[in-house]
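Participant: Here's the letter readout for the chains.
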Amino acid sequence: MLFSYLLQLHGGAIVKKGNMIISILFVLIGIYILIEVSTFPSVGGGQITGPDFFPRILAFTLIGLSVLLFISSIISKDESTTGLFDIYAIKAYITMIGLLVYMIVLNAAGFIIATPLFLIGLIRFYGMKHYPKLILSSVLVTGIIYSVFKLLLAVPLPAGILG
Amino acid sequence: MLELLGHGLAAVMSFKILFMIACGVAAGIAIGALPGLTATMGVALLLPLTFGMDAESGILLLLGIYAGAIYGGSISAILLKTPGTPAAAATALDGFEMSKRGEAGRALGISTVSSYIGGTLSVILLILISPQLAKIGLKFSAPEYFALAVFGLSIIASVSGKQVLKGIIAGVVGLLVSTVGIDIVTGYQRFTFGNINLFNGFSFIPVMIGLFALSQSFISLEDMMKKISIKQTVSRVLPTWADLKTILPTTIRSGLIGTFIGIIPGAGGDIGAFVAYNEAKRFSKHPEKFGTGIPEAIAAPESANNGVTGGAVVPLLTLGIPGDATTAIMLGALIMQGLQPGPLLFRDHGPLVYTIFVGFLVANLFMLILGFVGIKWFTKIIAIPSYILTPVIFVLCIVGAYAINNNFFDVIVMFVSGIIGYIMQKLEFPASPIVLALILGPMAERELRKSLMMSGGEASVLFMRPISAALLIIAIITFFMPIIKILIAQMRQRGRNISDSNNS
Amino acid sequence: MKKLTKKLGSIVLIATLGATMLTGCKKEEAKFPSSPIQMIVPFAAGGGTDIVTRAVADAAKNHFPQPLVIVNKTGAGGAVGMGEGANAKPDGYTVTTVCVELTTLPPQNLAPFTSDDFRPIMQINAEPAAITVAADAPWNTVEEFFTYAKDNEGKVQIGNSGVGAIWHLAAVAIEKAAGVKFNHIPYEGAAPAVAALLGGHIEAVTVSPAEVASQVAAGQLKILAVADNERSKSFPDVPTLKEAGFDVAIGTWRGLAVPKDTPDEVINVLKEGFGKAVKEESFTSFMASNGLSIAILDEEQYREKMNAENEFFKGLVADIK
Chain D
1 MLFSYLLQLH GGAIVKKGNM IISILFVLIG IYILIEVSTF PSVGGGQITG
51 PDFFPRILAF TLIGLSVLLF ISSIISKDES TTGLFDIYAI KAYITMIGLL
101 VYMIVLNAAG FIIATPLFLI GLIRFYGMKH YPKLILSSVL VTGIIYSVFK
151 LLLAVPLPAG ILG
Chain Z
164 MLELLGHGLA AVMSFKILFM IACGVAAGIA IGALPGLTAT MGVALLLPLT
214 FGMDAESGIL LLLGIYAGAI YGGSISAILL KTPGTPAAAA TALDGFEMSK
264 RGEAGRALGI STVSSYIGGT LSVILLILIS PQLAKIGLKF SAPEYFALAV
314 FGLSIIASVS GKQVLKGIIA GVVGLLVSTV GIDIVTGYQR FTFGNINLFN
364 GFSFIPVMIG LFALSQSFIS LEDMMKKISI KQTVSRVLPT WADLKTILPT
414 TIRSGLIGTF IGIIPGAGGD IGAFVAYNEA KRFSKHPEKF GTGIPEAIAA
464 PESANNGVTG GAVVPLLTLG IPGDATTAIM LGALIMQGLQ PGPLLFRDHG
514 PLVYTIFVGF LVANLFMLIL GFVGIKWFTK IIAIPSYILT PVIFVLCIVG
564 AYAINNNFFD VIVMFVSGII GYIMQKLEFP ASPIVLALIL GPMAERELRK
614 SLMMSGGEAS VLFMRPISAA LLIIAIITFF MPIIKILIAQ MRQRGRNISD
664 SNNS
Chain R
668 MKKLTKKLGS IVLIATLGAT MLTGCKKEEA KFPSSPIQMI VPFAAGGGTD
718 IVTRAVADAA KNHFPQPLVI VNKTGAGGAV GMGEGANAKP DGYTVTTVCV
768 ELTTLPPQNL APFTSDDFRP IMQINAEPAA ITVAADAPWN TVEEFFTYAK
818 DNEGKVQIGN SGVGAIWHLA AVAIEKAAGV KFNHIPYEGA APAVAALLGG
868 HIEAVTVSPA EVASQVAAGQ LKILAVADNE RSKSFPDVPT LKEAGFDVAI
918 GTWRGLAVPK DTPDEVINVL KEGFGKAVKE ESFTSFMASN GLSIAILDEE
968 QYREKMNAEN EFFKGLVADI K
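If you read the protein sequences in the order shown, they are chains D, Z and R. Each residue of the first sequence is one higher than the one before, starting from 1 at the first, in the working numbering. Each residue of the second sequence is one higher than the one before, starting from 164 at the first, in the working numbering. Each residue of the third sequence is one higher than the one before, starting from 668 at the first, in the working numbering.
Where hints are given, some of them may not hold.
[Stated by the list, open to error] Only pairs whose alpha carbons sit at most 27 Å apart, straight line, appear in this in silico DSS-like list of lysine-lysine: (1) Lys648/Z with Lys16/D; (2) Lys408/Z with Lys452/Z; (3) Lys302/Z with Lys889/R; (4) Lys263/Z with Lys91/D; (5) Lys817/R with Lys843/R.
[Unchecked claim] Covered by chain Z, per the in silico footprint, the following chain R stretches (three or more residues, Cβ under 8 Å): (6) 826-839; (7) 850-863.
[Unchecked claim] With the C-beta cut set under 7 Å, the calculated list includes, among others, these residues of chain Z facing chain R: (8) Leu168; (9) Gly357; (10) Pro428; (11) Asn569.
By construction, these hints were calculated from the structure, which means they are not laboratory data. Quick caveat, the model's predicted, so the values are computed rather than measured. For glycine and all other residues, C-beta sits at the position ideal for the given N, C-alpha and C.
The shape of chain D in the complex, shown without the other chains:
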């Protein structure tokens, strides 16, 4: 509750501001690339065939276009919100964290263990409260995916310590 209040204070992120931030970010990336690229060797016989040519042109283009974007977003009268900090977006962010945890557990403990836990956790988080159905469907889905991929198609799934 406090969290959402704080978000609303922030005023949400409007597209215009977002554009400006992104353009600055791109300009910085462009500059970084130009610096990196200056360490690339230029193949003798004209720079065009060197590994530095393309990235350099692209970086310049990126910087140029980002400046354009920056200017156009200052002028623009667009007041729409991005929805990046909406209350609804919270679900997306928590899901991202959940995915990250799943990936870590997946790598460590393997598919058969990590997936049912992930599914149970996420489906419960999304609102389904009927535990038997919840656990059953999670285990069932894990089983189906496992059999189709590993047994039928012989796609190795992350194995971890156990299976």
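Using the hints provided, position chains Z and R relative to the given structure of chain D.
Facilitator: This is chains Z and R only, laid out in the frame that chain D set:
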């Protein structure tokens, strides 16, 4: 030839072969529809199964999977805005828009018919004039590949909808990302930070899965919270006569485009779909409607990507050189069966080749039938409550990303791409330009430098050769057209404002 | 109360599942092999290395009590798959198909391993580089070709399968031996290079005979010479470069290996099983019909070859920089 065709027809009409084709198409549709599995992966995964079979069954199984998967990718593209295969990336643009209006059934019907027309057209061309078509493919050298790549990239402006500047920026960022890896011309490592997984650059499929499937799933979580759900009307499975009449010229043109792009070794369904989309927009009477969910915008990419399937088999069979990534794997299947593709294949194994031809036609037909039969079921899939469907999609994405190279790094790439894709959608940056850039960027750079290597530094070679000159000129026009149109519209608008304020 | 029971129930369920999986997965200290053997192929399905491995595995299935499961781990020109194979547990359950990249990648700093991280089982196949040109090209012998190349220093375009790849290195080695300078054009693999040759965009390629076999048989291309110590069995009319007076023998090879600390008892079982497999009729006829040569080397000979090539490529790689 008619005699051989007759033999082929008779050979195909056996229960075993028909069953194989049907299984292949069905499996292909399923594989293509799953976000995370692609046509190439499907063929690669089921390749070992074919070793124990006889040649016709094995190859037709794989061709069935190929055709089915390329079509199947459109199912998840339309229903979930996540292309099941890269070739369906263009279909997601308008297909999902139609779905949002509750017309998913209509979109799927259009996709099915278009895939059938494109695929069948390409197989007919394959049967009739493959040797001649192959010769055209051979004419492509570095300048032509460069021009083709530039042409493909010029479409970025066109698929960006209203956000042209952001689309171009996204494209440039995509091109920069595509430079990561070992430079093919000099062997120098660019931006790899010593990570062995980046030696070949970012594997493009995990990025696509993340940008489209994962980010779309994140976005759909909001709908879940807002309790939004759309009722899909599947009143009729077959497209209406009106729709069919609308899409017919588009499908034929796009099918031809797809066939030709398939013939060019190394160019695949993804390029074909985007080029066809762009051409359909160019020839359309109402190009501004592209991106809002109109039939032609679905028919074009779907017809083209299935058109590529037949085209890609042309160089495979006539020259022993694969036309795209999937046929590259089928080459292995042919060799394991003891068949050496190339001109001698027609001479020594004529009946087999024609059995394959006829079987391929049948595969496209099965795809049409199974597609229609399945539409009602496909739309039921999105009726599954999204609190179960979305987590399952997450798992499939991760499994799919892992399955490409059995490498966990790809999963991380996909995850990061998903977050970036989510932010991009929020900030109204289009994602298709990145896909185009990742596929075509390396080709453009590499072929440009090779052209210069082969011409001794003379850049004029690009414009001296007819094919590359033509493609480059079309590319320049294609790229600047949307920009010019917007500028003209803005100037007209300003003109009107001025005259309005003068009058008032 | 009901909720608590449900929760307890699910915990018990998960615990039981976990325990069952634990007991099921424990490998027993039984005779090797007591569970399936994984074979890592560092290249894509359908490619040359993949096909050879599958053919061997297929011929070997009657000589091992456990199935051989093939896994493609592609990336970084073979470095990803071979890297994984080198770091696998040395218990014999992970066999890797190693190729010449094992000796060509480390000197280019493209691989986090060397051939010393492996213990070779046996070499199975070796393909020399073959100088191939269009069938209607004006050169019929390799001497004529080199004369032309000398007169057109740096103009003769030779396609290869990628910078630093074996066929590029082969072309460089041939350059040195013949005293000429080519213009090396990189392609995304052997197939596109062959396509470019067919299209008349380049003058020659230096890939393996197997990769041009069907075009040669169809009369579209001709092989001028092979870079080998003996003539190719599939192309007995083609002279070797040594016969023509140029001392260069270079090519790709494929074999099987396990991590370096694998115990002798285990490796002997593998040697025996695969040794019988390569003698099978099904295997030999398959390789012959695809123009793939069988070149068997045992562990010591293979090790010697790898060491020699490590030295050789170190020098060669320095030349292409």
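Participant: Which numbered hints does this structure break?
Facilitator: Hints 8, 9 are the ones this structure does not satisfy, whereas the remaining hints hold.
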